[in-house]
Structures are given as structure tokens and as C-alpha cells.
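Protein chains in written order, with this note's numbering: chain G, 167 to 754; chain C, 12 to 164; chain F, 1018 to 1275; chain P, 570 to 693.
Because the hints were derived from the structure by calculation, they are not lab data. By construction, the Cβ of each residue, glycine as well, lies at the ideal position given by its N, Cα and C atoms. A portion of the hints provided could be inaccurate.
Per label pair, the in silico range of CB-to-CB distance [said to hold, decoys possible]:
id: 1; chain 1: C; residue 1: N59; chain 2: F; residue 2: P1148; range: 16 to 24 Å
id: 2; chain 1: P; residue 1: I632; chain 2: C; residue 2: W85; range: 49 to 57 Å
id: 3; chain 1: F; residue 1: Y1060; chain 2: G; residue 2: G618; range: 19 to 27 Å
id: 4; chain 1: F; residue 1: W1061; chain 2: P; residue 2: W668; range: 30 to 38 Å
id: 5; chain 1: F; residue 1: A1179; chain 2: P; residue 2: A679; range: 28 to 36 Å
id: 6; chain 1: C; residue 1: G37; chain 2: P; residue 2: R578; range: 38 to 46 Å
id: 7; chain 1: G; residue 1: K660; chain 2: F; residue 2: F1037; range: 34 to 42 Å
id: 8; chain 1: P; residue 1: A616; chain 2: F; residue 2: E1274; range: 35 to 43 Å
id: 9; chain 1: P; residue 1: L576; chain 2: C; residue 2: W85; range: 18 to 26 Å
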Amino acid sequence: MTEHEYDVVIVGAGGAGMRAALESSQRARTAVLTKLYPTRSHTGAAQGGMAAALANVEDDNAEWHTFDTIKGGDYLVDQDAAEILCNEAIDAVLDLEKMGLPFNRTTAGKVDQRRFGGHTRNHGEAAVRRACYAADRTGHMILQTLYQQCIKQNVEFYNEFYVLDMILDGDPQTAADGEEISVAGVVAYELSTGQIHTFRAKSVVFATGGAGKVFKTTSNAHTLTGDGMGIALRAGLPLEDMEFFQFHPTGLAGLGILLSEAARGEGGILRNSEGERFMERYAPTIKDLAPRDMVARAMANEVREGRGAGPNKDYVLLDLTHLEPKHIDEKLPDITEFARTYLGVEPYTEPVPVFPTAHYAMGGIPTNVNAEVLRNNTDVVKGLYAAGECACVSVHGANRLGTNSLLDINVFGKRAGIAAAEYALTATAPELPADAPAFVTALVAKLRETVGGEGTERVAQIRKELQETMDMNVQVFRTEESLAEAAALVTQLKERYTSIAIHDRGQRFNTDLLEAVELGFLLELAEVVIAGAAGRKESRGGHYREDFPTRDDENYLHHTMAYARPDGIDLQWKPVVITKYQPMERKY
Amino acid sequence: MMTAPELTEPKKPMNRRTVGNAEKWGWIFQRASGVILIVLIFTHLFINLMTGDGVNQIDFAFVAGKWAAPLWKWWDFTMLVLAMVHGTNGMRMIVNDYARRPFVRQTLQWALNISMVVIIVLGTLVIFTFDPCPTGTDTELLNVELCRELGRL
Amino acid sequence: MTATAEKTDSTSEVGAVPTFTVTLRILRHDPEGLDGREAGAEYWEEFTVEAFATDRVLDALHTIKWEQDGSLAFRRSCAHGVCGSDAMRINAKNRLACKTLLKDLNPSRPITVEPIKGLPVEKDLIVDMEPFFASYREIMPFLMTTGPTPERERLQSPEERARFDDTTKCIMCAACTTACPVFWTDGQYFGPQAIVGAHRFIFDSRDEGEWDRLEVLNDKAGVWKCRTAFNCTEACPRGIEVTKAISEVKKALTSGEV
Amino acid sequence: MSPAPTLYRGREGMWMWLVHRTTGVAIFFFLLIHVLDTSLVRVSPEAYNEVIGAYKTPIYGLIEAGLVAAIVLHAFNGLRIIAVDRWTWALRHQRMLVWVVWGIFVVMMAAFLPRHLGHVFGGA
Ligand SMILES: Cc1cc2nc3c(=O)[nH]c(=O)nc-3n(C[C@H](O)[C@H](O)[C@H](O)COP(=O)(O)OP(=O)(O)OC[C@H]3O[C@@H](n4cnc5c(N)ncnc54)[C@H](O)[C@@H]3O)c2cc1C
Ligand code: HEM
Ligand code: SF4
Ligand code: F3S
Ligand code: FES
Chain G
167 MTEHEYDVVI VGAGGAGMRA ALESSQRART AVLTKLYPTR SHTGAAQGGM AAALANVEDD
227 NAEWHTFDTI KGGDYLVDQD AAEILCNEAI DAVLDLEKMG LPFNRTTAGK VDQRRFGGHT
287 RNHGEAAVRR ACYAADRTGH MILQTLYQQC IKQNVEFYNE FYVLDMILDG DPQTAADGEE
347 ISVAGVVAYE LSTGQIHTFR AKSVVFATGG AGKVFKTTSN AHTLTGDGMG IALRAGLPLE
407 DMEFFQFHPT GLAGLGILLS EAARGEGGIL RNSEGERFME RYAPTIKDLA PRDMVARAMA
467 NEVREGRGAG PNKDYVLLDL THLEPKHIDE KLPDITEFAR TYLGVEPYTE PVPVFPTAHY
527 AMGGIPTNVN AEVLRNNTDV VKGLYAAGEC ACVSVHGANR LGTNSLLDIN VFGKRAGIAA
587 AEYALTATAP ELPADAPAFV TALVAKLRET VGGEGTERVA QIRKELQETM DMNVQVFRTE
647 ESLAEAAALV TQLKERYTSI AIHDRGQRFN TDLLEAVELG FLLELAEVVI AGAAGRKESR
707 GGHYREDFPT RDDENYLHHT MAYARPDGID LQWKPVVITK YQPMERKY
Chain C
12 MMTAPELTEP KKPMNRRTVG NAEKWGWIFQ RASGVILIVL IFTHLFINLM TGDGVNQIDF
72 AFVAGKWAAP LWKWWDFTML VLAMVHGTNG MRMIVNDYAR RPFVRQTLQW ALNISMVVII
132 VLGTLVIFTF DPCPTGTDTE LLNVELCREL GRL
Chain F
1018 MTATAEKTDS TSEVGAVPTF TVTLRILRHD PEGLDGREAG AEYWEEFTVE AFATDRVLDA
1078 LHTIKWEQDG SLAFRRSCAH GVCGSDAMRI NAKNRLACKT LLKDLNPSRP ITVEPIKGLP
1138 VEKDLIVDME PFFASYREIM PFLMTTGPTP ERERLQSPEE RARFDDTTKC IMCAACTTAC
1198 PVFWTDGQYF GPQAIVGAHR FIFDSRDEGE WDRLEVLNDK AGVWKCRTAF NCTEACPRGI
1258 EVTKAISEVK KALTSGEV
Chain P
570 MSPAPTLYRG REGMWMWLVH RTTGVAIFFF LLIHVLDTSL VRVSPEAYNE VIGAYKTPIY
630 GLIEAGLVAA IVLHAFNGLR IIAVDRWTWA LRHQRMLVWV VWGIFVVMMA AFLPRHLGHV
690 FGGA
């Protein structure tokens, strides 16, 4: 076991983690722990763009952006946070530009902007060009640019270190309201050696990204297993709004690989088997550019009503054939190549089979606007921060608007980095208890013992069953019954998980062992998602209950706070912050 | 909270001293000499191997005949120098690629450089101090015509 | 660049997906010497798996790992060719496992899978990437400017932006560098990726550090080591014209103009 | 024990790099010898003719043919390399240019070999 000491430890080197690191490393001694090489983080997969009301091509302002964000999130958005997000958006984009990010340009040489779902002019009048982009690899450019700046600043990375536990100096669940609890550090597993490391730190920032792998069809990477959220949950912290998962309308059918909304922003049209542009029926004003939850539901509905394309009638078609090949090559080169490589479809001449794919966790570790992690509705854990997809400041509410996540990671990543460093400069170094690594040591030892032992269950098999049931029962359409079925199966799978066996007895690069650990997180998160979905007897944003098909502001205009207690998931509520915009019906 | 300093540049660009432009000039030289060599060598090969009796015509007398003209003296000299430098430079690049240990590398480089100098010096001396009609040689071996012309026979 | 699946009847593919059997021959490396092997032992091992027509090599590796031998080690993340984790030598060529469809590889014969060449192997298909990233860091891959930071964005015309577009696509998978025969020889060469990384800044109209970088690339380990073997360009899963980028750097150095 | 890894399946560019390298080395060593033997003209006509006579035997005739082949390949591939680094068109068509080099090689050898081998084997 090795011990390290830093002022600030950042967990995760995606967009949020590295943006935080850039701020924090300038002010305090910072280490970034990441289970992947930074450039492998899934921020790099983001395609379409990053929203900011730069007004470079069309009239626009932060206020409209704020409104769209709140409306897009079906009024579950914390409006103070949304205001910060949209006001700081402009600087966030300009910061990246100054760091060297190669945005596409207008003829005047400014950052170019394009349309994206749910982004409108003057409170819903018409679609507006707000997404700043770099072809269809905006996330890739952000990730590269931030990594390059980290190199410039000599940020200290611990690559392929899996953080598996956080150390707090008290139990957040038993502590009284107002009692001070602070973070003391994290425990990590080093992939290349199998060694366990403890990191003592005054501040810890979690930026571990999403948890898409609870679903089968997903645009998310194999490595997005919700570790940060799972660690927080195990530490006794709540998770907020986990029932809200975004299903992106245009995943490659059967594979889930994402075709960015930019495809529709650039003029692509969704059609059913009859060739009908069906979105005209669901969202007459902005049609194919309606928010994702609406489009995804519309697509699923077309398929349910027998208007799906293909031999099994189980997908719809994304039609780009009316666009100039040159325009496609310029604006959407990568995603059209995905269609060619993986489905053998030529988008110039043929429509591309698409179906909704699990894409984004709106929920996560609850934080306030300074990225400080909440342990209940009001108290923060001192020194503990979260940002990016693993966090829930609630700027996305019940449904995230496209291009608002890349914005989120930059705005709140930066805030987290600054806040963490500034706190660390005033705080005294915490003491790590002697048994700090005990949990991880035991976890790893237990798994190692299963090699060649009694265990009969396979990690992959359990994961597969979990993902299939989530796709079947907890996807775009949910009901009491489907959720109950999923809940029952997850309970069963958790039971079976206790008798898994791994194969790799080695110390070095034991990815077998880590997949087992990751499955543990997935199972617990699935449980929270299902519990939250069952508890929310309404339909709002990404969460759609067929048995309660309308939004119910009377009873459910509040956030879910899910706590893991010994006897199961405990759901509590947290009020939504409303400043300017009273909830109204969401129509496009 | 937002009073933070903006991104400064704590890390200065590395100060790296390069070995001048040696590699660059080596690279350019390979190309320039290559183009010239192609003319020199192919003419040389053509005259020696394709005209007349081809390889069979080559003997002392043939050489003497050629080198009687200053053009061919200079021709062969240029070819010698360019080919040796080009070849040695090429070999140097190959040695740099494969010889990992500094000692081995240095030794090989020295060997190359020495052989280059020796060969060039030797070749040059031969070309410019060549005597077409050494005394006491069987006249059958000489370029009789040439030696008569020169008044050496 | 990875071959695009030849035009098949896409609809029937997505519907009832036919399966077939493939054999993978994997070059394994056991750093610890388990099961009676020597530490550091290397050996070929064959696995046979059922695969779907849409499956990629990565899917087959997963099937092996998940159903047959959990100790098989390889890196992967995004599974669709954008993170650069899984460059490996498949049928003796560098490719991304997640971008190579099995059916494009003649599955009737065993498919060989080996780690990329020229970087120290750590375990099975995992190599030590540190030397690779070190070369990248050498070329100062970050925007360098002088003068005061402007209020708004630095202006750049679409044409200026287009000049370095190709090299911004790099995902640092190392397929190019580890395909380069000059890189294999002694590893002193920065490798094509570092040059691609430098190119992206050298030809960015906003950058003012081009000569610092060009000087680095003028070094013994730099751009002059390239012998235009083109393995890099052919291996690049992002379709970057790597050799062209290298040539442009050479031209900038010889002409003194960027 | 370390089993042989496969040979990297590079394409034309990689093989031509190998060809260029091997021919370059071969020519270099031949050149050393060639200068040394030519130097014998300074020693004595007898010595020179005796050594040069060796070139006229079939064995050396064949080696000489190989040498010419190496030079032709190296030279024209050298031109190809220069072109590839110089013009984008050549860079994009480098694979085709490899076959052009081989084409030139075949034509040149077809012109040279019959005559040369005729000289070598036809005796004098
Ligand atoms: C295909 C796709 C396209 C998208 N397109 C857009 C778009 O156009 N616009 C937009 O705004 N948003 C988009 N998004 C969403 C957005 O990209 C993500 O939400 C965002 O990038 C998340 O960034 P992050 O920094 O929070 O996490 P990530 O980039 O996922 O990074 C997570 C980091 O955490 C590390 N980590 C995880 N677990 C551990 C652990 N246990 N220990 C140590 N380290 C750990 C990982 O190594 C990684 O470095 C897209 C998402 C996807 C999947
Ligand atoms: C006939 C005309 C010739 C031409 C056009 C030519 C051209 C070239 C060129 C362009 C290169 C550089 C290759 C690169 O940078 O990738 C080169 C390399 C080389 N040449 Fe020549 N050359 C010729 C003759 C010769 C001769 C006569 C010799 C031997 C003495 C020779 C030996 C070499 C060697 C050893 C290399 C290095 C090869 C390598 O690094 O792989 N060349 N040649
Ligand atoms: S240039 Fe291409 S092959 Fe090389 S690292 Fe970048 S993406 Fe990979
Ligand atoms: S393979 Fe190597 S030699 Fe040059 S063209 Fe590519 S870097
Ligand atoms: S897994 Fe990301 S590139 Fe293949």
C-alpha cells in the first residue's frame, strides 16, 4: 500500500475533471486520478456542440438560453444554477477558444454556431443557432484541448488508477443537521500493479462521468459504470434525480452508437416506414428538433404502432439523402462514417436506421452551484465537490438539452476546481484513519479469493441480464409493472452477485477483477434508478410513466434524493429552485 | 469566488538545444546528390556496359582511353565523391536507426567516416595521377594508339 | 483506414443477424508467470467464438474474456473508434479492434491478434503507452501566443481553419507510430503521432510557437527520420493523411516558411 | 521462449523502404570494392586486368547484373521518394508510383540484360 498527500485530488480526467484540474493546479497541489488515460475519456465521444449565446450568427442572449434550458428540463431545473450555466457559457466557450480549441468558423472568422434541439429564439419562437461546434467532434476537441493545457501546466496525472472509495470523517447518514463532516481522501486501485493507494487530500472533486452501462443499448463507453455515483452512495450520500435518464433518439439501430443531433440540426429528417415525417405530428413548430425525450418517445411510439422500418419493424429512419454530400462531409464526417462502418449504409443515398439509445444521466451526486456535494437537502460535505455528468447541480432537470452537457462540464468543472483549491488553501490537512483502505482491501481480497473457488456466477452474465431488463422495463416507457419486474430481477441479480467468480489471478492489469467491481456499482445504481422511477408517479422529461402520462406539478415538482439504507433505497424530496419562470406546459 | 486569476502560463516552452541543422542538410543532400548521381551513374553504366563490347571491353586500355579526356576524369571524380558521401550519409542514417548502444554506434560511424575519406582520397589520387602508359609494361596491355599519340610509345 | 463494410442488404443485417464461427489466435504475454509459465512468457493461444455479422474484433475479444478466459487483458472504452484505447495488430496490421468488422477479415481463417509493436508489452494486448505520450509532450502540444489575450475569440478564417483540420482528428491511438518501421528500429524516433500533434499547432494561424516546435522536430529524433514508408497513413483509423502532414513539416523546415 | 510474432503486413511503401535500404547498403559496399579494384590501374596494368578479368566470368557477370538491378531500383525509387516529399499529387499516388518504378525497372532490365548476358556468356 502506498500513501500520497495532496491539497486537491480530482477523480476523473474527462472534460469536467481536467477543467477543474486546470484551475486547481494553478492554486494548490493537485493530483488527477483517472481510470483511463485522460484522452480516452468519454467526453471525446461528444459530437454535436456546446451551447452558448455568443450571438455570432443570429440574435441570441443568455436569458433565452436559460429559458430553453429550464423548459427543456421540464421545469425540474434549479433555475439559479441554470442562470449561472447560461451566463457563464459565453466565457466558457471563449476560454476554450483561447486555449486553442479549433472551433468551426464563420466567414467573418468568428466561432460558428448551429441549431440544436430545444434551443430557440425569444422563448420558443423558432430554432436558433446556439451550438458552438468543431465539425462533429466537438467533445473530442474539448478533451484534447484540455489535455493539452494540462500538459502545458504540468498537471500531475495518475493514469489507470481506479478510485473505489472515499473517506469522510463521519457518517453522513447519522450526523445531525448542521453538523460538520468533511472529506479526508480517497482510496484507489492501480491497474498496472494491483496495488492499493490512499490519497489524503483536503479537497476531493468527483468528475467520473456517466453510468450508461446500466442499459444495454447505450451511446456510452464500456467504462461508464457510474463509479463516482456508486462510491458516493456507498459512503452514505444521497443521489439526486436518478430516475431521469436521457434516451437519445438517434442511436445506430441495434448498436446504440450515437449519431449526433447535429444530423437533424443540419437538416436531417426522421421518417417512419411509410416515409412520413412523423415529428410534424408530435412537435409542429420545431419538428425534428424537439427536445430529446419527446423525439425518442415519438420514435418508440411509431415503432409500437407498427410504423417501424426494417424486417422487424423495430427502428425508424434518419434521412440525410436530400443534403449535399459536400455539406455532409464538412459538417458530419464522423457520424456518417459510423453508419458506413458499422451498418454498411451509405448516408448520401440511403436513410440510416436509428433507435433511441441510453445516453445521459441527468441525475447524480447532488451539489450546490459551487459544486459542493450535499449530504442532505441543505448541508454540504466540507471539501467534497462533484462536477460533470456524475454530478447533479440540476441544470438539466428532467431532460438535458443537447449541447448543454459540454457546457456543464466546463462551467461547473471550472467552478469545482476553483472552489476545491480555495477551500484547500484555508483548510488544515485531514487525518486519514488507519483503516482507510480497509474497505477496498477487503473488496479486492474477496474478489481475488473467488478465483478458482466456489463461485459459479459470471460477471458478464449478470451484467447482461441487468442491462436487458433495464432496456426492457426502464427505458423510454415505464409502468408500475415493468418497474416492479425490473426491481425484482435486480434484487435477484444482487444476490447472485455475491457468488460470482473471477478468472484472472494476476496482480497486473487485472481488468477481470475491475469489471466485477464495476458491476457492483451498476447493480446499486440500477436499483436507485428503478426506485426513483417507481416513486415518481408522473411523466416529466426523460421519465415517462404510461400509467401516469402527464406531468404532476402538484405532487412532484421536486427533486428525488435517494439514500442507500441498510433496508433498501430511501426516497426523499428536495424542492426545486424557481427564480423567474413558473412551470407551464411544455409544447414545441 | 470568480476572482480567480486567468489561465497563466506556468510552464514555459521547453528549452531544447538541437544539433543544428545537420539532419536537415543530410536529408536535403541525399535528394540533391541523388538526382545528380542518377545522371552520372547511368551514363557511366551505359558507356561501360552497353556500348561496344560491354563488360568485356573493360581493361586497362579502356580506362586509359577514357581518362585521356578531362571530361571523364572530372566525371568519375564527381561521381566518386557524391556517391561516397551519399552512400556514407545513407549508411550513417541506417546505423543511427539500428545501433542502440552508443559505443557500437560511435565505432561504426568512425569506421564509415574513415572508409569514406580513405576511398575518396585513394580514388582521387588514382584518377588524377593516373599514368596511361607506365614504362616497362607489355605493350599489349596498353592503349597503343593513345600512347603513341602521347609520344610514350 | 478501416475498410467500410461492403454494401450488404442492411435491412436483413439489422433484423435477423446471421452468426458464424471464428477463431482468434492471440499473442499472449504473461508478466507474472502463472500456471507454471515463466514470468514474461509469450505464447499464442487460440479461441473459437460465435459471432454476428455486425460484430467487430472487439466483440469477439469480449466474448472470449467474458465467456472463456477472464484473464485476457486488453484496453477499450468507447467501442466506436473515438477514444483510441484499442489499437492492436490484427492480421498483422495495426487497427482499432472496435472498428474492424470480423466479416471484413476472412473469418474462415484464424484471425491473429497481437499487441502493437515497438512499445514494451505489459500484459497480453496491453502495452506501456508512456514513451508514446512522452514524445507527444516533447512537441509542446498547446497553443502558444504572445501579446495580451483578446476580449473575444481570436479570429480565424474558415480557410485558415481548414489548413490543420486533418490533424486535429487524432485520437492518440498510436496505431501510426507503432506501425512505423523506423520507430521499431530503436524507438528514438518521435514517431508520426508526435509530428501529427505538432502539425496541428504549427499550421494553426493563431499559434505563434511554430518555430519552437519546428526546432524540436528538426532534431535527430525528429521529422528527418521519416523514410516515407506510409504504414502510418495506412494504419490511421481516423483517415488522417499522416505522411502528408509529415511532408508539410519537412517543407516548412526546408523552406523556412509556415 | 518467445514465439515469433507475425510479419507486419505493410503495403508497397513499407516494402519499397526495405528495398531502398537493402539496395543502398549493397551499392555502398560494392562501391568500396569497385574503387579499390579500379585503383589497381595505378598499381599496374597487369594487376588491373587480372582483377577486372574476373568481372567477365559468368559468376561475376551475374553479380554485376544484380548490381545494375539494385542501382536501377534504388535510383528510380529514390526519385519516387523525392517526388512524394515534394508534390501532394505524388504523395497521394505513391502506391501507383511504386508500380511505375517497377515498370521502369523491368524495361531497363529488359534492355540491359540480354546485351550484358550476351557479353558475359557469349565470351569474347
Ligand atoms: C456519444 C455522446 C455524444 C455526446 N454529445 C454531446 C454533445 O454534442 N453536446 C453535449 O453537450 N454533450 C454531449 N454528450 C454528453 C457529454 O459528452 C458528457 O456528458 C460529458 O462529456 C461528460 O463529461 P465528464 O467529464 O463528466 O465525464 P467523462 O468524460 O465521461 O469522464 C469520466 C472520467 O472519469 C474517470 N473515472 C471514471 N470512473 C473512475 C474511477 N472509479 N476512478 C478514477 N477515475 C474514474 C474516467 O477515467 C474519465 O476520465 C454526449 C455524450 C455521448 C456519450
Ligand atoms: C543513382 C542515383 C541515386 C539516387 C537517385 C538515390 C536517391 C536516394 C535518396 C532520395 C535517398 C534518401 C531516402 C530517404 O530519405 O528515404 C537515398 C538513400 C540512400 N542511398 Fe541513394 N541514391 C542514389 C545512388 C546511391 C548510391 C550510388 C549509393 C551507394 C553508395 C546509395 C546509397 C544510399 C543509402 C545507403 C541510402 C540510405 C537508405 C536508407 O536510409 O534507408 N545511393 N538515396
Ligand atoms: S494519427 Fe491516426 S493513427 Fe496516429 S495516433 Fe492519431 S489517430 Fe491514431
Ligand atoms: S510509417 Fe514511418 S517512415 Fe514515415 S511515412 Fe510513416 S512515419
Ligand atoms: S474502444 Fe475506443 S477506439 Fe476502440
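Legend entry - Consistency of beta-carbon spacing, P:W668 to F:W1061, with hint 30 to 38 Å: holds, 35 Å
Legend entry - Cβ separation of C:G37 and P:R578, checked against the hinted range 38 to 46 Å: For P:R578 against C:G37, whose Cβ atoms are near 31 Å apart, the range 38 to 46 Å is violated.
Inset, instruction - Confirm or reject the claim that G:K660 and F:F1037 have a C-beta distance inside 34 to 42 Å. - result: holds, 36 Å
Legend entry - Status of the given 35 to 43 Å range, CB of F:E1274 versus CB of P:A616: violated, 55 Å
Inset, instruction - Return holds or violated for the Cβ distance of P:L576 and C:W85 against the range 18 to 26 Å. - result: violated, 46 Å
Inset, instruction - Given the range 16 to 24 Å, decide if the beta-carbon distance of C:N59 to F:P1148 lies inside it. - result: violated, 50 Å
Legend entry - Pairwise beta carbon distance, F:A1179 to P:A679, judged against the given window 28 to 36 Å: violated, 46 Å
Legend entry - Range agreement (Cβ of C:W85 with Cβ of P:I632, hint 49 to 57 Å): Given about 29 Å between the Cβ atoms, the range is violated.
Legend entry - F:Y1060 paired with G:G618, Cβ distance criterion 19 to 27 Å: holds, 20 Å
Consistency note: the structure conflicts with the earlier hints numbered 1, 2, 5, 6, 8, 9.
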